[in-house]
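Enquirer: Turn these sequences into a full structure, and let the hints guide you.
One line per chain: the protein sequences are R and U, in this order.
Per this note's numbering, the very first residue in the first sequence carries number 12; after that it's consecutive.
Per this note's numbering, the very first residue in the second sequence carries number 384; after that it's consecutive.
Quick caveat, the hints were computed from the structure, so don't treat them as lab data.
Don't take each hint at face value.
[Stated by the list, open to error] Among chain R residues calculated to face chain U with C-beta under 8 Å, some are: (1) Ser70; (2) His86; (3) Asp87; (4) Met159; (5) Leu160; (6) Glu162; (7) Thr194; (8) Val201; (9) Trp202; (10) Gly208; (11) Trp212; (12) Pro213; (13) Lys217.
The structure presented is a predicted model; accordingly, all values stated were derived computationally and were not measured.
Note that the Cβ used here is the ideal one computed from N, Cα and C, for glycine as well.
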Amino acid sequence: MTAHVQTSRVSETQERTVSVWQGRVRIRVLSKGRGPALVFFHGPWGLTWDPFLDELAQSFSVLAPAHPGTTPDAHDDVYHLDGLWDLVLCYDELLEALGIRDAAFVGHSFGGMVACELAAAYPDRARRLALIAPLGFWRDPDRIINWMLLEPGELRRQIFRDPECDAARRMFPPSDEQDSSATAARVRMVWAMGTTGKFIWPIPDKGLKKRIHRVKAPTLLVWGKEDRLVPPVYADEFVGRLSDARVQTVADTGHAPHLEQPATVARTVREFLSQ
Amino acid sequence: MKISAFHLMPHRELPADFERRYESVWVTPPWWELADARRVGQYYNWTLDELLYAAKCGFDGVCTNEHHQNAYGFMPSPNLMGSVLARATNGTNVAIVQMGATLPTSNPPLRVAEEYAMLDCISGGRLVAGLPLGSPMDVNLCYGITPMEHRERYREAFALTLKAWQAREIFSWNGRYFQLATVNLWPRPIQEPHPPVWVPGSGSISTFDFAVEHDVCYCFLSYSGARSAKTMMDAYWRVVAEKGRDLNPYRAGFLQLVVVAESDARAEEKFARHVEYFYHKCLHVPGVWFSPPGNQDYRSLVATMANPVRRAENPKNLRYRDFVEKGYVIAGSPATVRDRLKEEVINGLHVGNLMVLLQIGSMPHELALENIELFGREVLPGLRDVWDDAGWVNHWWPERLRQPAAPVAAGLAAGGA
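Expert: Below, the structure written as structure tokens:
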């Protein structure tokens with residue numbers, strides 16, 4: 012495997028782009044902090060370095076890769092992957108390229124599913140697993156809303172318990188004027204949904220139930236009590252299948268508890284990962 | 384000029400408050416609340432009768448199309464309709480224009496190649512093979528195809544279809560989406576090397592490129608009329624020129640809504656509410672469903688976001704006179720309709736293959752027949768020879784039907800369906 016690593020320094024957060032998949036898939040990795048390695052897999056709306064990751068970086072060496080296709084100027088790289096199996100192999104190559112044998116995996120939503128799949132495929136790579144409202148299962152009575160089909164305003168109300176909170180304002184910048192940065196933000200979000208959606212359309216159950224028994228890592232599930240997109244009952248699907256898992260619900264948060272209450276969620280995750 | 388009658392097969396009796404009460408006309412309208420199978424059976428038969436009546440009234444072709452889970456137009460299998468039309472029009476010079484079966488939702492897409500070959504055999508070589516991508520509502524939402532794979536699947540299926548029709552030897556297809564070890568199509572189409580191919584689109588630039596590269600007829604299926612299509616079609620003709628193709632007007636098809644009556648005023652009296660029903664109810668779909676994330680490639684996404692076309696005008700805010708004034712619908716007396724079609728659509732967009740939608744929304748059967756008959760009798764003859772002097776050959780029309788149609792006998796045109 013050939014991996015090309017470029018490093019540049021942006022304030023305190025490091026940024027580098029790693030090429031995997033025979034050089035066809037370029038993945039930008041943001042990193043910060045000191046301590047044991049922690050890999051963060053972002054959700055369907057793209058990667059931004061946020062206060063939650065800052066909190067984790069106080070205790071860990073946090074590495075946050077951008078899902079294939081969401082790295083700037085590498086939008087079409089995602090077309091080189093045919094499905095989830097390719098994606099999991101890509102991430103194995105990424106860890107190899109970063110020199111990480113094992114790490115704590117933290118993932119949100121789609122990223123939670125990716126972290127769990129990776130831990131099932133490579134059980135020795137995951138030391139501990141913290142999954143925030145992960146996807147991966149489907150219950151007919153508790154259908155997961157397809158966020159890719161929502162108008163922006165409705166999407167915002169579905170992701171956040173409080174659609175006016177700071178994190179919601181950052182994710183959905185006002186677009187009333189013809190502001191190019193708001194347009195760019197919308198393009199980034201739509202493309203992130205499209206590229207991550209490639210691996211889960213039309214139902215985000217791609218067979219994790221057949222593989223999850225392979226996970227060895229102790230697992231924490233974090234769920235917003237008022238998650239309207241992926242209801243907290245989905246935690247049962249994980250807990251029932253994992254040998255060592257527990258659930259922590261977070262009051263007054265929706266599908267992105269780590270964005271609505273970064274300090275609380277970061278503390279919970281940090282304590283679990285440090286055990 | 385070739386002029387075909389298009390039909391959507393819509394639900395004709397949606398409740399007056401449909402668009403306020405329900406989320407969408409597509410994907411989620413509740414069948415049990417809104418429809419009745421016996422009544423729908425009547426719609427299908429009316430649809431077939433209306434298209435067959437158009438065939439009798441001198442139209443050059445009859446068009447069907449594929450859509451799913453909706454009240455806007457629900458022929459989930461256009462080839463079932465097309466086979467009835469092919470059989471019933473044997474002995475005539477009417478083309479069977481399938482606009483058509485959707486490749487990405489047919490698995491394997493060879494099924495489309497087979498059924499089209501059957502239609503060509505049954506009709507004696509009168510098939511026009513429309514090969515649409517399918518709308519995101521049909522393909523992504525109803526049939527579960529991943530938006531990001533939609534166009535790739537289409538392109539692979541398109542290549543497979545063309546090869547399956549023509550290959551002299553049995554071949555293997557080891558594709559990204561389709562794997563077939565032994566492709567040996569039975570039957571093959573009568574038309575050689577294959578039936579003429581039309582690719583319908585709704586203005587996506589990547590579809591222009593695809594159509595021109597493959598030397599097929601690009602059909603702009605627009606409900607916003609020729610004026611708003613002008614920019615798009617000008618762009619299409621630029622692509623045609625850039626890629627070194629000739630400016631043969633038969634490279635382009637266009638769909639136009641038309642209502643015709645004895646006078647402009649009478650057209651409004653007869654058709655206004657059906658036109659409004661169509662735009663207010665039949666197009667009632669959440670905007671984002673037309674383009675779920677991943678359906679557009681990155682470059683198109685950036686272009687659309689920077690210059691949003693679809694948000695320009697909400698048809699729910701428009702009334703009949705607006706639709707007519709803006710050219711969404713061409714309406715009025717035969718002279719008005721003929722002149723506007725000639726000026727705005729045929730010459731304005733440089734179009735040789737015109738499709739007209741004459742049964743619109745809630746329009747009842749008898750009224751649809753009147754619209755078809757009057758168009759066939761008073762409008763169509765005045766348009767037929769528009770391109771004749773220019774000497775273009777319609778390579779995208781069944782070869783045996785390319786000669787201008789003989790004038791229709793008066794008795795036949797006046798006859799009932």
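Enquirer: Now, for every hint given, state plainly whether the structure supports it.
Expert: Taking the hints in turn, this is what the structure says about them:
no., hint, verdict
1, Ser70, "violated, 35 Å"
2, His86, "holds, 4 Å"
3, Asp87, "holds, 6 Å"
4, Met159, "holds, 5 Å"
5, Leu160, "holds, 6 Å"
6, Glu162, "holds, 6 Å"
7, Thr194, "holds, 5 Å"
8, Val201, "holds, 5 Å"
9, Trp202, "holds, 6 Å"
10, Gly208, "holds, 5 Å"
11, Trp212, "holds, 4 Å"
12, Pro213, "holds, 4 Å"
13, Lys217, "violated, 11 Å"
Consistency with the previously given hints fails for numbers 1, 13, ordered from lowest to highest.
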